[in-house]
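Engineer: Chain by chain, the residues run as shown.
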Amino acid sequence: MNINYSRLSALIFLLFFIVYSYLASEIRVFAFDENADFNARTFPTFISYLGIFVSFLTLVLSKNEHEKLGHYEWLKVIVLFVLVFTYGIIIKSIGFFLSTNLFLMVAYYYLGVRSPKVIILSSIPVVAGLQFLLHELLDVYIRDPFLQAIGVIS
Amino acid sequence: MNEGILIGINTAFSGYNILMVMAGCFAGTIIGMLPGLGPMSAIALMIPITYGFDPASAMILMAGVYYGAIFGGSTSSILINAPGVAGTVSSSFDGYPMSQNGQAGKALAIAAYASFSGGTIAAIFLLIAAPQLAKVSLSFQSADYFALMCVGLLSIAAFASKGQFLKAMIMTALGLALATVGQDALSDITRFAFGNINLMDGISFVLLVMATFAMSEAFMIIFKKMDISFKASDVSKANLGSIKLSKAEVKEMAPVIGRSSVLGFLVGVLPGAGATIASFLAWGFERSIASAKDKLKFGKGSIKGLTAPETANNAACTGSFVPLLTLGIPGSGTTAVMLGALLSFGVQPGPRLYIEQPELFWAVIVSMYIGNVVLLFLNLPLIPYIARILAIPKNILVPLVLFFSVTGVYLISFNAFDIYFMAIVAFLSLVLRVLNYPMPPLILGFILGGMLEKNLRRAILINDGSFSFMWERPISLALFVVMIIIVLLQIYQGIQKNKAK
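As they're listed, the protein sequences go chains A and B. Be aware that the first sequence starts at 390, since it is given in the working numbering, and climbs by one per residue. Be aware that the second sequence starts at 392, since it is given in the working numbering, and climbs by one per residue.
Read the hints as simulated data drawn from the structure, not as lab findings. Glycine included, every Cβ here is placed at the ideal spot set by N, Cα and C. There's no promise every hint is true.
Unchecked claim - Counterexamples of contact, computed for chain B against chain A with all Cβ distances above 12 Å:
1. Met413
2. Tyr442
3. Lys558
4. Ile561
5. Phe689
6. Val797
As the list claims (entries may be wrong) - Looking from chain B toward chain A, a few residues come up when the C-beta cut is under 8 Å (computed):
7. Val527
8. Tyr801
9. Gly856
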């Protein structure tokens with residue numbers, strides 16, 4: 390039996406559902422519910438049986454073919470993933486307006502946009518427009534230390 | 392019922408809701424046109440915007456987005472042979488050759504008239520079928536609902552799997568498992584939260600949909616180096632040609648529209664099937680009944696070949712609302728997202744919806760007519776201008792989609808944890824998609840998980856801990872037989888495929 394990506398993923402899912410099954414058995418239920426016909430453990434246990442069954446079948450029945458994943462842009466996606474993560478970290482501290490503009494500008498630049506005009510016009514008006522829509526039309530308040538500091542919002 | 396319809400008409404024809412339909416159709420057309428972004432992503436992106444709306448307006452907006460996205464997908468299929476939506480792939484078979492023959496305008500007009508007719512005829516069917524089905528489903532008990540949901544989960548795994556049924560079932564199980572995170576609805580016991588306060592309320596449905604669709608689609612565009620941008624001149628007005636149809640062409644279209652509307656609606660009603668299967672079936676059906684001379688035209692710019700899938704996919708969209716509105720069970724991935732949105736508004740779709748909230752039930756149905764009119768009279772003349780969206784380069788589009796996805800989730804909770812969690816889920820779903828694991832079964836499993844547990848619990852408790860309800864209740868028994876047939880069909884197809892190889 391060759392290990393290909395389908396089998397490997399099925400094996401990971403099999404392990405996942407085995408761990409899930411164990412965790413389901415560890416769910417603490419009320420003493421009076423312990424021997425009930427249906428308690429908080431029952432449904433997760435059924436799901437784990439289903440998961441173990443189908444991932445085991447996938448593992449066994451997957452063909453012995455060598456699978457190629459092709460040439461994908463892993464690095465670019467990982468960088469974008471890190472950018473989204475960083476955006477999540479700075480959004481609270483520097484506020485929505487500044488962090489979103491920074492996120493967009495860095496992403497545009499990283500993906501190959503070099504014209505400052507395009508970068509600025511595709512970020513600041515979009516973010517300002519959305520923030521205006523949220524604040525003025527939909528009454529959604531977003532805390533923004535930067536805009537508060539320069540006196541745009543109270 | 393008549394009173395309900397009048398309330399629905401009143402609600403749908405309010406200035407605000409007409410604006411919602413127009414905005415939805417317009418936004419849906421733009422998003423659906425972009426290759427890679429389908430109706431699920433379009434609706435997912437709309438959910439955060441609709442949070443301040445009343446449920447009827449929100450549903451009307453989302454229904455408009457759904458129609459618009461299918462229409463937008465047809466436009467990119469016809470103009471550039473790059474379907475934005477799976478349901479419009481078969482439209483490119485004849486639409487794109489027409490476009491290459493200098494008849495792009497005519498092809499778009501055929502698509503618009505066919506979509507309008509299919510959507511309108513199916514909306515009439517919905518008007519008749521929905522209350523009848525709702526009445527029948529009042530006799531459903533927990534056991535029947537449990538069986539029906541199982542049929543829905545199995546059939547979406549069968550239809551959405553593209554031959555990978557087991558992988559689709561793994562995704563269903565994963566979706567169900569994710570639904571168990573957080574507090575148990577009955578006992579309030581926290582499950583699988585690992586002491587993390589952010590997980591105690593469960594995983595947000597909007598987060599999961601945004602991450603698995605909108606965000607991972609954006610990642611996928613970069614990941615697969617998809618070239619999705621086109622020159623503005625390719626879609627300019629001068630290149631489109633006339634949008635007028637001759638009498639003979641309309642005559643040729645009419646019977647196809649009639650047949651494909653019925654077929655599309657019926658396929659749409661089936662759980663899991665939806666617009667993609669309806670459009671392929673309609674194209675194949677028209678080809679099989681065409682005369683030998685007409686058959687040769689299929690795939691080379693046949694009017695019938697374009698009319699059939701365009702009619703059927705819109706009719707199927709309408710049909711998929713039948714199980715959603717009457718049984719509270721979504722028939723497709725897109726309506727599953729809508730169900731999630733409705734639940735987050737505190738609305739429980741089901742047989743009592745049209746009695747308890749007629750304004751919502753009927754307004755959505757009536758707004759479908761308005762949506763079809765909007766698509767025909769507003770979007771068709773604007774196509775040369777809207778199609779310029781295809782000229783947006785991917786390095787601008789991708790960060791914008793990421794931004795709207797992240798903002799959409801952040802604005803609901805104002806919790807940075809959701810952004811991290813979303814990024815991780817989006818990355819994992821990208822990997823799973825590369826390995827051919829379909830995402831719609833995961834979403835349907837996640838959305839139905841809570842309801843499935845509730846109904847199973849009730850059915851087991853009513854039956855004193857026994858599973859006898861599976862064969863004692865005729866409705867449940869019939870549904871379980873359907874499930875067995877679906878599984879056997881999958882096994883048979885698998886064996887046939889292996890033999891063919």
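Engineer: If a hint holds in the structure, say so; if it does not, say that too.
Structural biologist: Status of each hint after checking the structure:
The beta carbon of methionine 413(B) is kept farther than 12 Å from every beta carbon of chain A, the shortest such distance being approximately 17 Å. The claim that tyrosine 442(B) is not at the interface with chain A is violated, since a C-beta of that chain comes within 12 Å of its own (minimum 8 Å). A beta-carbon of chain A comes within 12 Å of the beta-carbon of lysine 558(B); the shortest separation is about 6 Å. In this structure isoleucine 561(B) is not separated from chain A by more than 12 Å, as the shortest Cβ-Cβ distance comes to only about 5 Å.
Even its closest Cβ contact with chain A, about 32 Å, leaves phenylalanine 689(B) beyond 12 Å, as expected for a residue assigned away from the interface. The claim that valine 797(B) is not at the interface with chain A is violated, since a C-beta of that chain comes within 12 Å of its own (minimum 6 Å). At about 28 Å, the closest approach between the beta carbon of valine 527(B) and any beta carbon in chain A exceeds 8 Å, and the interface hint on this residue is violated. Using the Cβ-Cβ criterion of 8 Å, the hint placing tyrosine 801(B) at the interface with chain A is satisfied: the shortest such distance is roughly 7 Å.
Checking glycine 856(B) against chain A: minimum C-beta separation of about 3 Å stays under 8 Å; hint holds.
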